[in-house]
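Residue numbers (our numbering): 264 to 359.
No lab work stands behind these hints, which were simulated from the structure alone.
Please read all numbers here as calculations on a predicted model, not as lab measurements.
Beta carbons: idealized from backbone N, C-alpha and C, even for Gly.
Please note that the accuracy of each hint is not assured.
Simulated restraints on C-beta separations [unchecked claim]:
#, residue 1, residue 2, range
1, G286, E307, 20 to 28 Å
2, G280, D324, 30 to 38 Å
3, A290, D318, 32 to 40 Å
4, R309, G278, 55 to 63 Å
5, V327, T300, 19 to 27 Å
6, N321, K358, 35 to 43 Å
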Amino acid sequence: MSDNDSSSIGWFLAGLGLGALVGVLYAPKSGKETRDTILQTANEGRDYLSKSTQDLKNQADQWVQKGKETISRSKEQITSAVEAGRQAYREAVDKS
264 MSDNDSSSIG WFLAGLGLGA LVGVLYAPKS GKETRDTILQ TANEGRDYLS
314 KSTQDLKNQA DQWVQKGKET ISRSKEQITS AVEAGRQAYR EAVDKS
């Protein structure tokens, strides 16, 4: 390593330490308060995801139910149409 690289790394580490020191001195909250805030935010995020997941599940269940109802109605209509066609065929055969 050259002297220039060592000097740059030294200044970088000095700046990093100074930044950490200033951050600690001017932090608006204590470490415990900051950890509590982070924990509270994480819990709120988890609750939001849980609620969103439940809402999506409910929406999907509604779509599945509507799909089943539509298929059931279509099946009934097709069955009725087939039965009407059979009846018409029987009547046509009986007239002949």
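Against the structure, the hints:
no., hint, in the structure
1, G286 x E307: 20 to 28 Å, "holds, 25 Å"
2, G280 x D324: 30 to 38 Å, "violated, 56 Å"
3, A290 x D318: 32 to 40 Å, "holds, 37 Å"
4, R309 x G278: 55 to 63 Å, "violated, 36 Å"
5, V327 x T300: 19 to 27 Å, "violated, 41 Å"
6, N321 x K358: 35 to 43 Å, "violated, 56 Å"
When the structure is compared with the earlier hints, violations turn up for hints 2, 4, 5 and 6 and for no others.
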